[in-house]
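J.: Sequence:
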Amino acid sequence: KPGKGCGIYETRSSDCRTFYCGWMADRSFDDSWRPDRAKFIMTEEPGTGRMFIACDSKFPGAWRREPFYARLRSFLTAPGMERAQIVVQTGRKITLLVRGGEFDLGEFNKGDRIDVSYATDGTISARKVPGPETQARSA
Numbered sequence: 048k049p050g051k052g053c054g055i056y057e058t059r060s061s062d063c064r065t066f067y068c069g070w071m072a073d074r075s076f077d078d079s080w081r082p083d084r085a086k087f088i089m090t091e092e093p094g095t096g097r098m099f100i101a102c103d104s105k106f107p108g109a110w111r112r113e114p115f116y117a118r119l120r121s122f123l124t125a126p127g128m129e130r131a132q133i134v135v136q137t138g139r140k141i142t143l144l145v146r147g148g149e150f151d152l153g154e155f156n157k158g159d160r161i162d163v164s165y166a167t168d169g170t171i172s173a174r175k176v177p178g179p180e181t182q183a184r185s186a
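The numbering of the sequence shown is our numbering, which starts it at 48 and goes up by one.
It should be emphasised that the hints constitute simulated quantities derived from the structure, not laboratory data.
All values derive from a computational prediction rather than experimental measurement.
Some clues are possibly wrong.
What the hints assert, rightly or not - The following label-pair restraints were derived from C-beta to C-beta distances:
1) Ala125 / Thr170: 18 to 26 Å
2) Ser172 / Glu92: 13 to 21 Å
3) Ser121 / Tyr165: 35 to 43 Å
4) Ser61 / Asp162: 34 to 42 Å
5) Arg174 / Ala72: 25 to 33 Å
6) Ala72 / Arg112: 19 to 27 Å
7) Gly127 / Glu92: 15 to 23 Å
8) Met71 / Ala166: 36 to 44 Å
9) Glu154 / Tyr116: 16 to 24 Å
10) Ser104 / Tyr165: 30 to 38 Å
11) Val163 / Ser61: 32 to 40 Å
12) Glu92 / Ala125: 16 to 24 Å
13) Gly178 / Arg74: 32 to 40 Å
Glycine included, every Cβ here is placed at the ideal spot set by N, Cα and C.
Please work from the sequences and hints to get the whole structure.
T.: This is the structure:
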């Protein structure tokens, strides 16, 4: 529940019981990173190498507070992480963090995806690629 945490903790489904968010999976995060305190949940997006952060809609800027923001940015500048990406979702709004900066990609619909390009001169560009549902709405 936005602003309140999980309302079905004791009766949650097996999928929820076996799910480990970033705070649970990585013991280097202290209790301030616990989702009900941080007001966001971290996961890894399977198959992409992207970290995914879903913010509580009542606290859309929670990920920008310290100590969170500095630590998130540090993931992008660590050796070997030149192409690391962090996707932050607040409602339907998506922000992409990469080593070279941030991209506000706007609102996403089901099927939309992120396209990131890395140029040989070191510049990075990112854009939203509309999915079939978005394309059908605009036709």
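J.: Now, for every hint given, state plainly whether the structure supports it.
T.: Hints and how they fare:
1. Ala125 / Thr170: 18 to 26 Å: 20 Å, holds
2. Ser172 / Glu92: 13 to 21 Å: With Cβ atoms ~20 Å apart, the hint holds.
3. Ser121 / Tyr165: 35 to 43 Å: For Tyr165 against Ser121, whose Cβ atoms are near 20 Å apart, the range 35 to 43 Å is violated.
4. Ser61 / Asp162: 34 to 42 Å: 35 Å, holds
5. Arg174 / Ala72: 25 to 33 Å: 30 Å, holds
6. Ala72 / Arg112: 19 to 27 Å: 21 Å, holds
7. Gly127 / Glu92: 15 to 23 Å: Since Gly127 and Glu92 have Cβ atoms about 18 Å apart, the given range 15 to 23 Å holds.
8. Met71 / Ala166: 36 to 44 Å: Taking Cβ atoms as reference, Met71 and Ala166 lie about 37 Å apart, which means the hint holds.
9. Glu154 / Tyr116: 16 to 24 Å: Distance hint for Glu154, Tyr116 holds at roughly 22 Å.
10. Ser104 / Tyr165: 30 to 38 Å: Holds: the Cβ-Cβ distance is about 32 Å, inside 30 to 38 Å.
11. Val163 / Ser61: 32 to 40 Å: 34 Å, holds
12. Glu92 / Ala125: 16 to 24 Å: Holds, since Glu92 and Ala125 (Cβ atoms, about 18 Å apart) stay within the stated range.
13. Gly178 / Arg74: 32 to 40 Å: 37 Å, holds
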